[in-house]
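Sequence order for the protein chains is V and B.
When you line the first sequence up against our numbering, it's residues 243 to 598, in that order.
When you line the second sequence up against our numbering, it's residues 610 to 890, in that order.
Calculated from the structure, these hints are not laboratory results.
Computed from a prediction, not measured in an experiment: that's the story for all the values here.
Heads up, a few of these hints could be off.
Simulated DEER-style distance windows between Cβ atoms [unchecked claim]:
hint	chain 1	residue 1	chain 2	residue 2	range
1	B	Arg711	V	Ala408	53 to 61 angstroms
2	V	Val258	B	Gly749	35 to 43 angstroms
3	V	Gly263	B	Gly794	25 to 33 angstroms
4	B	Arg711	V	Val258	47 to 55 angstroms
Where chain B lies over chain V, by a calculated footprint (3+ residues, C-beta under 8 angstroms) [what the hints assert, rightly or not]:
hint	stretch
5	245 to 255
6	423 to 437
7	535 to 543
Sample of chain V residues lacking proximity to chain B, with all beta carbon distances greater than 10 angstroms (derived) [claimed, not checked]:
hint	residue
8	Ser348
9	Asn393
10	Glu487
11	Ile526
12	Leu570
13	Gly573
14	Cys585
Idealized CB from N, CA, C, for every residue including glycine.
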Amino acid sequence: MSFVELNEVRKSYGDVEVLHGLNASIEEGEFLAILGESGCGKSTLLRMIAGLEEISDGEVSIGGRVVNNLSPRERNIAMVFQSYALYPHMSVRENICFPLQLAGVSESEQKTQLMRAADMLNLGDYLNRKPRDLSGGQRQRVAMGRAIVRNPKVFLFDEPLSNLDAKLRVQMRTDIRTLQQELGTTAIYVTHDQVEAMTMADRIMLMNAGRIEQIGAPLDLYDHPGSKFVAGFVGSPPINLIEGEINSGPVSAFISDGIFVELPEGHWPVGQATLGIRPEDMSIAKSRGGGNALGTVGNIECTGDRSIIEVKLAGGRLNVSSLERWNLMFGSEIDLDIDVCKCHFFGRDGALIMSE
Amino acid sequence: MTTSGKSRLYRRADVFLHGFLIAAIFITLAPFVYIALSSFKTQISLLMGQVTFTPTLLNYDEVLFDRTSDYLRNFTNSVIVTTISTLFVVTISFFAGYSLFRMRWPSYVVNTFLIWSMAFNLIPSVTLASAWYDLARTVGISNDYLALVLAHTTLHLPIALWLLASFFREIPRELEDAAYVDGAGFITLVRRVVAPLMAPGLVATAILIYVFSWNEFPVALALTNNETGTVPVAIAKYAQEEEIKYTQMAAASVLSAIPALIALLFGQRFIVRGLTAGAVK
Chain V
243 MSFVELNEVR KSYGDVEVLH GLNASIEEGE FLAILGESGC GKSTLLRMIA GLEEISDGEV
303 SIGGRVVNNL SPRERNIAMV FQSYALYPHM SVRENICFPL QLAGVSESEQ KTQLMRAADM
363 LNLGDYLNRK PRDLSGGQRQ RVAMGRAIVR NPKVFLFDEP LSNLDAKLRV QMRTDIRTLQ
423 QELGTTAIYV THDQVEAMTM ADRIMLMNAG RIEQIGAPLD LYDHPGSKFV AGFVGSPPIN
483 LIEGEINSGP VSAFISDGIF VELPEGHWPV GQATLGIRPE DMSIAKSRGG GNALGTVGNI
543 ECTGDRSIIE VKLAGGRLNV SSLERWNLMF GSEIDLDIDV CKCHFFGRDG ALIMSE
Chain B
610 MTTSGKSRLY RRADVFLHGF LIAAIFITLA PFVYIALSSF KTQISLLMGQ VTFTPTLLNY
670 DEVLFDRTSD YLRNFTNSVI VTTISTLFVV TISFFAGYSL FRMRWPSYVV NTFLIWSMAF
730 NLIPSVTLAS AWYDLARTVG ISNDYLALVL AHTTLHLPIA LWLLASFFRE IPRELEDAAY
790 VDGAGFITLV RRVVAPLMAP GLVATAILIY VFSWNEFPVA LALTNNETGT VPVAIAKYAQ
850 EEEIKYTQMA AASVLSAIPA LIALLFGQRF IVRGLTAGAV K
């Protein structure tokens with residue numbers, strides 16, 4: 243049975259509806275990332291699950307109980323905020339124990355829980371410090387500590403890593419995921435960073451303009467994007483999106499300036515379409531003239547483990563990611579092989595096109 | 610060469626600015642020093658304009674212990690009225706401010722309210738005094754502490770709201786959210802999170818309101834009698850028809866400044882923060 247359930251959840255401010263009937267179920271112990279651009283409604287949804295924002299319509303249930311009319315404290319959830327939201331006038335110890343005090347937990351039990359959290363998060367040395375005397379990473383860990391001490395049913399994270407520097411972010415990503423797996427607590431994690439979502443989550447819920455675009459395992463979204471939006475959002479370096487058209491003929495093919503991809507057998511809808519192809523799903527053709535795409539070499543970025551080659555086509559450009567090291571001259575002609583099985587085609591409305 | 614030219618420029622600016630500072634100190638301190646010195650003179654020595662004199666405590670003795678003097682009673686009245694009205698003002702402005710600045714009011718509501726509060730302070734309190742006197746007499750509380758406490762509360766509520774505004778705005782909303790998620794209700798939120806964070810603002814506001822209320826004269830004059838008169842009213846009474854008792858008046862003034870001075874000494878760091886809060890992030 244699903245643990246957190248969203249049933250036709252809507253949110254309106256006056257006449258303006260910002261969340262349009264969302265449905266989702268999150269399993270117990272699952273780590274779900276809510277991914278989307280800023281303003282897509284992901285934080286609002288999280289705050290509605292937390293009880294900080296009213297639910298205009300629909301139902302949210304946690305652990306089989308509808309929580310629409312319950313206050314945050316009655317929902318037994320814990321939340322980690324982007325700004326950490328530590329109480330500046332309280333020490334680390336007081337910050338972590340605050341929810342326990344409010345729950346009426348005995349002093350000895352408070353101490354036990356405090357020590358457990360401090361051990362898990364390496365906070366032992368800082369317990370008497372005030373938040374202002376801590377670094378960003380330490381503050382983040384205190385916020386985590388405050389969340390885990392009371393054994394909540396669900397962890398809610400609202401972009402908890404966006405105030406940290408890049409290196410620390412990678413470290414905290416692992417730490418949070420490890421902690422969540424150790425505790426086995428259901429987690430809902432809001433982020434606009436697709437790498438964070440891809441690396442941490444069991445499943446990703448990708449949102450766009452108040453709607454759910456797709457829910458699925460990270461690789462599922464990566465390999466089988468349901469729409470042009472999903473394809474474009476997930477993946478770094480991003481997928482190549484080339485405008486063109488699917489023509490009919492003895493064989494169907496996708497044609498654009500400088501690209502010709504023969505489509506597998508089947509009935510393809512004819513007309514304007516977008517080809518989506520990931521940088522690693524193309525390769526440089528060994529022989530000249532035999533590839534699906536013809537262009538000239540642009541900028542090349544070598545990161546050591548791979549090279550990202552920019553290929554300029556007559557009608558656009560492609561990024562090709564290659565594990566091989568190529569000795570290519572800027573401006574020289576280049577042929578690309580495109581694996582048609584790895585191609586995604588999207589219609590004018592951005593929806594996935596498949597052969598019938 | 611250029612450096613010495615530059616430093617000369619700075620020196621000239623320094624002299625200019627320090628000159629203003631010295632003038633400001635002189636203007637604010639001189640009357641106080643004059644009054645303090647007068648309180649140790651005899652009436653004759655003061656009226657003769659003697660610069661050197663033998664200090665005497667006679668004025669203080671008369672103000673405090675003379676059988677005809679009501680000063681101690683007036684002082685007690687002032688403590689009662691000022692303390693209660695300050696408590697009222699701080700409590701009401703805290704919760705009203707909480708609603709005004711923390712809840713989602715449309716900005717025109719907040720602005721109208723603040724502009725009205727400012728406009729209220731532009732009305733001379735004398736204008737209100739007679740109306741309040743009539744009102745208090747009708748209700749039957751004239752010459753009662755209650756009338757003056759209510760009047761002082763009304764008089765100082767707007768400025769208290771202004772003073773607290775920036776403190777309310779400084780508290781991040783996420784802290785409130787965090788407290789709710791941690792299991793706090795509204796009372797706990799206020800008691801454990803908002804009030805402690807607002808402490809400097811509340812202390813600064815309380816001290817300033819205390820001082821304002823302590824020194825308020827026209828309304829106190831209208832709403833009190835001999836029994837309930839406050840210190841400023843008492844001081845004014847030294848100016849009688851047939852003579853003005855300058856030196857006793859000075860002694861009474863010096864004594865009346867003591868509670869405010871103590872409060873300011875204790876709270877000065879809060880007050881400086883209170884008046885400049887939000888100015889610099």
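Hint check results:
1. B/Arg711 with V/Ala408: 53 to 61 angstroms: 35 angstroms, violated
2. V/Val258 with B/Gly749: 35 to 43 angstroms: Check failed, 54 angstroms falls outside 35 to 43 angstroms.
3. V/Gly263 with B/Gly794: 25 to 33 angstroms: 32 angstroms, holds
4. B/Arg711 with V/Val258: 47 to 55 angstroms: The hint (47 to 55 angstroms, Cβ to Cβ) is violated, given that B/Arg711 and V/Val258 are roughly 23 angstroms apart.
5. 245 to 255: violated (count 0)
6. 423 to 437: violated (count 0)
7. 535 to 543: It is violated, with 0 qualifying residues against the three required.
8. Ser348: Non-interface label stands for V/Ser348: nearest chain B Cβ at 16 angstroms, farther than 10 angstroms.
9. Asn393: The assertion about V/Asn393 holds, with a minimum of 13 angstroms to chain B.
10. Glu487: With a cut-off of 10 angstroms, V/Glu487 remains clear of chain B, as the shortest Cβ separation is near 49 angstroms.
11. Ile526: Its Cβ never comes within 10 angstroms of chain B, the nearest being 50 angstroms, so this holds.
12. Leu570: 50 angstroms, holds
13. Gly573: 51 angstroms, holds
14. Cys585: With a cut-off of 10 angstroms, V/Cys585 remains clear of chain B, as the shortest Cβ separation is near 44 angstroms.
The structure shown violates the earlier hints numbered 1, 2, 4, 5, 6 and 7.
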